[in-house]
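Q: Protein sequence lines, in the order shown, are assigned to chains A and B. Quick note on numbering: the first sequence equals residues 1 to 368 in UniProt numbering. Quick note on numbering: the second sequence equals residues 1 to 368 in UniProt numbering.
To be clear, the hints were calculated from the coordinates, so they are not data collected in a lab. Treat the hints with caution; some may be incorrect.
Where chains are identical, the list cannot tell them apart; a pair therefore holds if satisfied intra-copy or between any two copies.
[Stated by the list, open to error] Below are the DSS-like pairs computed for lysine-lysine, each with C-alpha atoms no more than 30 Å apart in a straight line: (1) K125 - K88; (2) K66 - K168; (3) K338 - K66; (4) K91 - K233; (5) K233 - K364; (6) K238 - K168; (7) K66 - K296.
Number of protein chains: 2
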Amino acid sequence: MKKLLDKLKDIRTNSCKAVFIALLLTGSAIFAQKIKKNEPLVIAEQGSFAVGGTIIQNEGTFDPYKPTPSGQTFRGDHAYVFYQVPEKAHKYPLIMWHGIGQFSKTFETTPDGGEGYQNIFLRRKFSVYLIDQPRRGNAGRSTAAAIINPIPDEQQWFDTFRIGVWPKYFEGVQFAKDTATLNQYFRSMVPNIGPIDIKVNTDAVSALFNKIGPAILLTHSHSGGMGWLTAIKNQNVKAIVSYEPGSGFLFPEGEVPAPIASSAGPLEASAVPMKDFMELTKIPIVIYYGDNIPEKPSDNPGADGWRARLAMARLWRDAVNKKGGDVTVVHLPEAGLKGNTHFPFSDLNNIQVADLMSGWLKEKGLDK
Amino acid sequence: MKKLLDKLKDIRTNSCKAVFIALLLTGSAIFAQKIKKNEPLVIAEQGSFAVGGTIIQNEGTFDPYKPTPSGQTFRGDHAYVFYQVPEKAHKYPLIMWHGIGQFSKTFETTPDGGEGYQNIFLRRKFSVYLIDQPRRGNAGRSTAAAIINPIPDEQQWFDTFRIGVWPKYFEGVQFAKDTATLNQYFRSMVPNIGPIDIKVNTDAVSALFNKIGPAILLTHSHSGGMGWLTAIKNQNVKAIVSYEPGSGFLFPEGEVPAPIASSAGPLEASAVPMKDFMELTKIPIVIYYGDNIPEKPSDNPGADGWRARLAMARLWRDAVNKKGGDVTVVHLPEAGLKGNTHFPFSDLNNIQVADLMSGWLKEKGLDK
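So here's chain A without its partners, still in its complex pose (with noise of 0.2 Å):
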């Protein structure tokens, strides 16, 4: 497996190869240096904290020489927080928060053994903050009781997470067909303990936003409608960036959209007061989508689903902008970027998903 590990490492600095011959077309002596290995990484600082969450206190008092639960404290719904701060960093940190299923891991390295988005960013100098949220991954201890069975599900997510049709890949698609990195990928789900709590985890994020001040939040999937409220409750989020927003999309009162239709159900909108609708539009934000979402209804739930997103995602831009605000919608095969899955910030061409992102946030001030 490490040899094949390394075969696909070689794959990946070949096509990272490639940009840098595109950045280096004048020639320059630091090429082969650079083409060889990655530059080491030069972090500041780096660190881990829990931050929000709330406490249990149980009635009676507490005896060391008999201990029972009486007396007793429980703390719980916290999100757990890994963070590093390159030298020279940028003004606004990124902070990370994975979608449904996903941890801070969604952030690290990719299925196939290449960077992901933590590394990628902190070379582009920006501090980078992972997020698992509350009741997930590192932040599991959860205030509310959980009953969790192994059921069998990686097939589904293979499709949903559009990779292919089980147990075909997408031709063309930006996933390492071999089966290590499927192993990798399946490996890095985790379950919920205990019921997802949109206020819990909204309240942990925004608490984070409170301790660190200014930032930029980058959502996924799940994340992308908990990232508009946490936008609403606290002002230190400077931009949202959010790939593959899954639900949750906020409509002022009386402007909700009707349902859209597919065959992984009807997706709907949610409705917030006007004074809460018009947060979003004080931020700049922009939405990517990869590719393989059908143009017109398919029977395949796995893709449809993303067809229904797509499409409100736009209304909702539409909505968004007409108050004033500044949403972009970015369906990647139309900015050139072909064979994305769900996850485009781990895809194999993750460094142009990044440099797609980079070129935005350098148009929006947000680079500095």
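Go by the hints and put chain B onto chain A.
A: What follows is chain B alone, placed relative to chain A:
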């Protein structure tokens, strides 16, 4: 809270200052620079992966158009590993394995906001691999069903982890006495997702040693016993540093000592075939225990269990060394380090605790 954390950082920096003063008594131009701020970490490589684990394969055929669990798979019971390789790393990486109720955080930022063993040993040029053991934290995908309830337990951990006797801290304890520190400390726990399975855990960690090759294993508390088992399974375990091993001391069949009574219950040792036991005589092993362990039987079960464990560790040392092994047991107060809790590597004096470990590694030629 941020101010308080900053203040605590100052205190910690000042205690580091004392160390630097001791190191630099002869005077040096770099002194002022050294005490001002930690040097940046120069990381040649970092990333994460899952290792080990099993697969559940459901019978039947998966239908992408009408998905049910039929014909689907579920991967679980792997360990999750985050690793960093510093520039000019020593030959042997340090593999750090958390204790009961804990996860990789135990070696990251300390509860009071200082640097943990992850950063400390990266600075000392060791590659550092942090484990979340199977069914814990970011390795939460478990093939066993789980029922998880939020049962208040923090006061009992305060006592068992020897911070004090709730609500009183031990005099001179190496643990900051503010509420923010206690909050971070208790939020560094996560539940087991399914039963703790010693074979599942040691198989996964052994798979890690197969993947990365010869390395030094650092264990804490409950992973102590699993560490001995991993060394029996895998000859890539080149040495073991064990902080406060809690159970699972292994003796040759027929030579198992009688259980040691304590108010926490009797501490029993386990039997292994002589052939397995002899594997433990082939590598250097050091065991550290902290302070505030009663010398005589005590009716405080939180503390008294450690009296039994320290006594058992000494019996075990003698048994291994009698067969030609190299086991050292260090009771930290005897080495001049006072006030340590059950977590010496994240206590306020963890630099001194690390210095002791570095001295041992050097003595055994493990820091080349």
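Q: Now look at each hint and say whether the structure bears it out.
A: Hint-by-hint comparison with the structure:
1. For the homomeric pair K125 and K88, the shortest alpha-carbon distances inside one copy (7 Å) and between copies (23 Å) are both at most 30 Å.
2. Taking the shortest alpha-carbon separations for K66 and K168, only the inter-copy value of 16 Å comes in at or below 30 Å, while the best intra-copy value is 60 Å.
3. With identical chains, the CA atoms of K338 and K66 are at most 30 Å apart between copies only, with a shortest distance of 28 Å across copies and 64 Å within one.
4. Taking the shortest Cα distances, K91 and K233 sit within 30 Å of each other inside one copy (22 Å), while across copies they are farther apart (49 Å).
5. Proximity of K233 to K364 under the C-alpha cut-off of 30 Å is restricted to the intra-copy arrangement: shortest distance 22 Å within a copy versus 55 Å between copies.
6. Taking CA atoms no more than 30 Å apart as the test, K238 paired with K168 passes in neither setting, with 41 Å inside one copy and 44 Å between copies.
7. Taking the shortest alpha-carbon separations for K66 and K296, only the inter-copy value of 19 Å comes in at or below 30 Å, while the best intra-copy value is 66 Å.
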